[in-house]
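**Student:** Respectively, the protein sequence lines represent chains A and B.
Here the first sequence is numbered in numbering that gives the first Met the number 0, starting from 0 and rising by one per residue.
Here the second sequence is numbered in numbering that gives the first Met the number 0, starting from 0 and rising by one per residue.
Derived by calculation from the structure, the hints in this document are not laboratory data.
Any given hint could be a false lead.
As the list claims (entries may be wrong) - Simulated crosslink set (SDA-like; lysine to any residue; CA at most 25 angstroms straight-line):
{"#": "1", "chain 1": "B", "residue 1": "K82", "chain 2": "A", "residue 2": "H54"}
{"#": "2", "chain 1": "B", "residue 1": "K82", "chain 2": "A", "residue 2": "S59"}
{"#": "3", "chain 1": "A", "residue 1": "K429", "chain 2": "A", "residue 2": "G366"}
{"#": "4", "chain 1": "B", "residue 1": "K82", "chain 2": "A", "residue 2": "A49"}
{"#": "5", "chain 1": "B", "residue 1": "K82", "chain 2": "A", "residue 2": "A167"}
{"#": "6", "chain 1": "B", "residue 1": "K82", "chain 2": "A", "residue 2": "L446"}
{"#": "7", "chain 1": "B", "residue 1": "K82", "chain 2": "B", "residue 2": "R92"}
{"#": "8", "chain 1": "B", "residue 1": "K82", "chain 2": "A", "residue 2": "G47"}
{"#": "9", "chain 1": "A", "residue 1": "K88", "chain 2": "B", "residue 2": "G61"}
{"#": "10", "chain 1": "B", "residue 1": "K82", "chain 2": "A", "residue 2": "Q35"}
{"#": "11", "chain 1": "B", "residue 1": "K82", "chain 2": "A", "residue 2": "A94"}
{"#": "12", "chain 1": "B", "residue 1": "K82", "chain 2": "A", "residue 2": "S93"}
{"#": "13", "chain 1": "B", "residue 1": "K82", "chain 2": "A", "residue 2": "D95"}
{"#": "14", "chain 1": "B", "residue 1": "K82", "chain 2": "A", "residue 2": "R44"}
{"#": "15", "chain 1": "B", "residue 1": "K82", "chain 2": "A", "residue 2": "E73"}
{"#": "16", "chain 1": "B", "residue 1": "K82", "chain 2": "A", "residue 2": "R75"}
Unchecked claim - Sample of chain A residues facing chain B (criterion: CB under 7 angstroms; computed from the structure):
{"#": "17", "residue": "D46"}
{"#": "18", "residue": "L51"}
{"#": "19", "residue": "V113"}
{"#": "20", "residue": "P125"}
{"#": "21", "residue": "Y128"}
{"#": "22", "residue": "T129"}
{"#": "23", "residue": "G132"}
{"#": "24", "residue": "A141"}
{"#": "25", "residue": "P144"}
{"#": "26", "residue": "V254"}
{"#": "27", "residue": "L412"}
{"#": "28", "residue": "P448"}
In this text, a Cβ means the ideal position worked out from N, Cα and C, and glycines have one as well.
In case you want the letters, here they are:
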Amino acid sequence: MSARVVIVGAGPAGASAAIALARCGIASVLLDDNPQAGGQIFRPRSDGGAPLIGHDARGSALRETLRRHAALIEHRSGHEVIAVYPGRKLWVASADSRAYELTAGHLVLATGAVEVSVPVPGWTLPGIYTLGGLQILAKASATVPAGRTVLAGAGPLLYLVAAQLVSAGVEVTDVVDAAAFPTPGQIAGMARVPGLFLRGIGFELTLRRLGVAIHRCSAIVEITGDGTVSEVVLAPLGDDWRPRADRRTRLRADVVGMSFGLRPNTELTQLAGCEHVYDATAGGWRVHRDANFATSVANVYAIGDGAGIGGVDTALAEGTILGHDLALRLGTTNAVLAAEAEEARHRLSSFAAFRRALVGWSGLRPGIFRAADSSTMVCRCEDVRLSDLDQALEAGIALPRGLKLRTRAGMGLCQGRTCAPAVQHRIAEKSGLPVAELPMPTVRVPLRPISVSALAALAPTTAAE
Amino acid sequence: MAAPLFRSLDGSSTLVEVIVDGQAIRLPDGLPLAAALLTSGVSTFHRSVRADEPRGPLCLMGSCFQCVAVVDGVVNQRTCRLKVRAGMTVERRTPPLPDEAA
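Bound conformation, chain A alone (with noise of 0.2 angstroms):
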């Protein structure tokens, strides 16, 4: 199979891309793994009933106007891609567990963040999510936390998730922030989106009014229990968010949110071959493109926070900027959405201006990976401890593929996505180099399991390269 455009992800970039497409009359093929467009931002219920949490007009309208140009618009939804080939040919494993193979003649992905989570002792016991998982769980499937709950990390999300769950009457008792307050600068470049800076206070408001305790420049270093949490252990931070030894306190807790921001998922744009940069402001390594969001790789486009974290809106108006650059080079254009594109290339300015102050005030500081202690599971897929790397480490092992290869972290059903941040910080930590000039950590295919007799069904020349 074939289409002329196809699309990898259905969050407000990808659909915002063919939208604006579809409006210049060009047709594409939009693959996405959730069964509802949205991303993880405009998540919707899954079982389709009134959102109770976390709702966002833009969210349904953008799903509607995807239903409207159905005609031109392909939407797979449950449909990962699991593979990336020369020639931008992609192999596509469908929900119901089958694969075959599609090959585009312009490539756009808009993959979207992984959040970064940081390992500390006892952190995989059972009742520890993600700050997004558990927003997931609420706004897909209207489910809460029902005990006492502690959300730390640092960024947005943190005080976005416990704005929510408090809302919606969840125990929410402390929320544990490692970045400090903002400085005044940091202040004025958040404040050039004032809506955004806006939310944010208000989010800090809620939480003060209905009596969760904030405490900032602090982190869990420590989580126990005998099954399922049962407390945590906060410590205060140095500059570089290394935990201090003194003034630790033990908390209560049934449920535990934790990350620590986002970093783009670059997955699909390593194996397509294209080069890649790293870049704190964008959350870490994100792939390389030219102004107009273009890949190395010819016809290879990457946009929203997949090509480097910027938020919804950056996401949205990348996707209308690049459906409408992508029409005029295909011959087509619209009057109206042309004005819309140029306008959305001014407000990019605002938005990146925000987005530096918000990694000032938030971006992971890489002293937050000293909590691990030796026996603390770095690799939750492969039971890989720090000692274990370390070990590797102190063998002369000093590349991110030796290590994988020797110990097996980042070799699992993930394929690394959980533990490459904190892999590549201790590798950084014992080598003496920063994380940007070590090399980036590899991916392989297939990026999600795929049974035999589905890889089987694929073209024989596709399986046999």
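Knowing the structure of chain A, use the given hints to seat chain B on it.
**Tutor:** What follows is chain B alone, placed relative to chain A:
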């Protein structure tokens, strides 16, 4: 099973029977399986491959594979991506190694 760590904000769902480790429990039809299990008091979804530790969902978005269980006899199924159906079977054991399964 222990007291559930999660509760549903929507009590209107139809319940259907699902077999978890050989025991019949009633879960909301059509809800993501991970969410349904969490509200019914299940917090451990499998045991880890080498250390044999209890593990449960982490990211709930299909990325981390910590919510995997054996569903309808198929190993390593992400329960956050499956919906509850009547008669489904869920086993929370460690997926067998290939030579054990043979």
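**Student:** Does each hint hold? Answer for all of them.
**Tutor:** Results for each hint:
About 22 angstroms separates the Cα atoms of K82/B and H54/A, which keeps this hinted pair within 25 angstroms; it holds. With a CA separation close to 22 angstroms, the supplied pair K82/B and S59/A stays within the 25 angstroms bound. Simply put, K429/A and G366/A have alpha-carbon atoms about 13 angstroms apart, close enough for the 25 angstroms limit, and the pair holds. Using a Cα cut-off of 25 angstroms, the hinted pair K82/B and A49/A holds, with the two alpha carbons roughly 18 angstroms apart.
Proximity of K82/B to A167/A is assessed by CA-CA distance (about 24 angstroms); at most 25 angstroms being required, the pair is judged to hold. With a C-alpha separation of about 22 angstroms, the suggested pairing of K82/B with L446/A holds against the 25 angstroms cut-off. The hinted pair formed by K82/B and R92/B meets the criterion: a straight-line CA distance of about 20 angstroms does not exceed 25 angstroms. At most 25 angstroms may separate the alpha-carbon atoms for a hinted pair to count; K82/B and G47/A meet this at roughly 13 angstroms.
Restraint check for K88/A and G61/B: the C-alpha separation of about 23 angstroms stays at or below 25 angstroms, so the hint holds. Note on K82/B and Q35/A: the hinted pairing holds, with a Cα-Cα distance of about 14 angstroms set against a maximum of 25 angstroms. At roughly 11 angstroms between alpha-carbon atoms, K82/B and A94/A fall within 25 angstroms of each other, so this suggested pair holds. For the suggested pair K82/B and S93/A, the alpha carbons sit about 15 angstroms apart, so the restraint of at most 25 angstroms is met.
Using a Cα cut-off of 25 angstroms, the hinted pair K82/B and D95/A holds, with the two alpha carbons roughly 12 angstroms apart. Taken as a hint, the K82/B and R44/A pair is honoured in the structure, with Cα atoms around 13 angstroms apart against an allowance of 25 angstroms. For the proposed pair K82/B and E73/A, the alpha carbon gap of about 24 angstroms is at most 25 angstroms, so the pair holds. Taking the CA atoms of K82/B and R75/A, the gap is about 18 angstroms. The hint holds against a cut of 25 angstroms.
A cut of 7 angstroms between beta carbons decides the hint on D46/A: the least distance to chain B is about 5 angstroms, and the hint holds. A distance limit of 7 angstroms between C-beta atoms decides the matter here; for L51/A the minimum to chain B is near 5 angstroms, and the interface restraint holds. Interface restraint check for V113/A: the shortest CB-CB distance to chain B comes to about 6 angstroms, inside 7 angstroms, so the restraint holds. The interface hint given for P125/A is met, as the beta carbon of that residue sits about 3 angstroms from the closest beta carbon of chain B, less than 7 angstroms.
Interface hint at Y128/A: satisfied, since its Cβ lies 6 angstroms from the closest Cβ of chain B, which is below the 7 angstroms cut-off. Interface restraint check for T129/A: the shortest CB-CB distance to chain B comes to about 5 angstroms, inside 7 angstroms, so the restraint holds. With a least beta-carbon distance of about 4 angstroms to chain B, the hint placing G132/A at the interface is held under the 7 angstroms criterion. With a least beta-carbon distance of about 4 angstroms to chain B, the hint placing A141/A at the interface is held under the 7 angstroms criterion.
For the restraint placing P144/A at the interface with chain B, the shortest Cβ-Cβ distance is roughly 6 angstroms, inside the 7 angstroms limit, so the hint holds. For V254/A, the suggested interface contact is upheld, since its CB lies about 5 angstroms from the closest CB of chain B, less than 7 angstroms. At about 4 angstroms, the closest approach between the beta carbon of L412/A and any beta carbon in chain B falls short of 7 angstroms, and the interface hint on this residue holds. For the restraint placing P448/A at the interface with chain B, the shortest Cβ-Cβ distance is roughly 6 angstroms, inside the 7 angstroms limit, so the hint holds.
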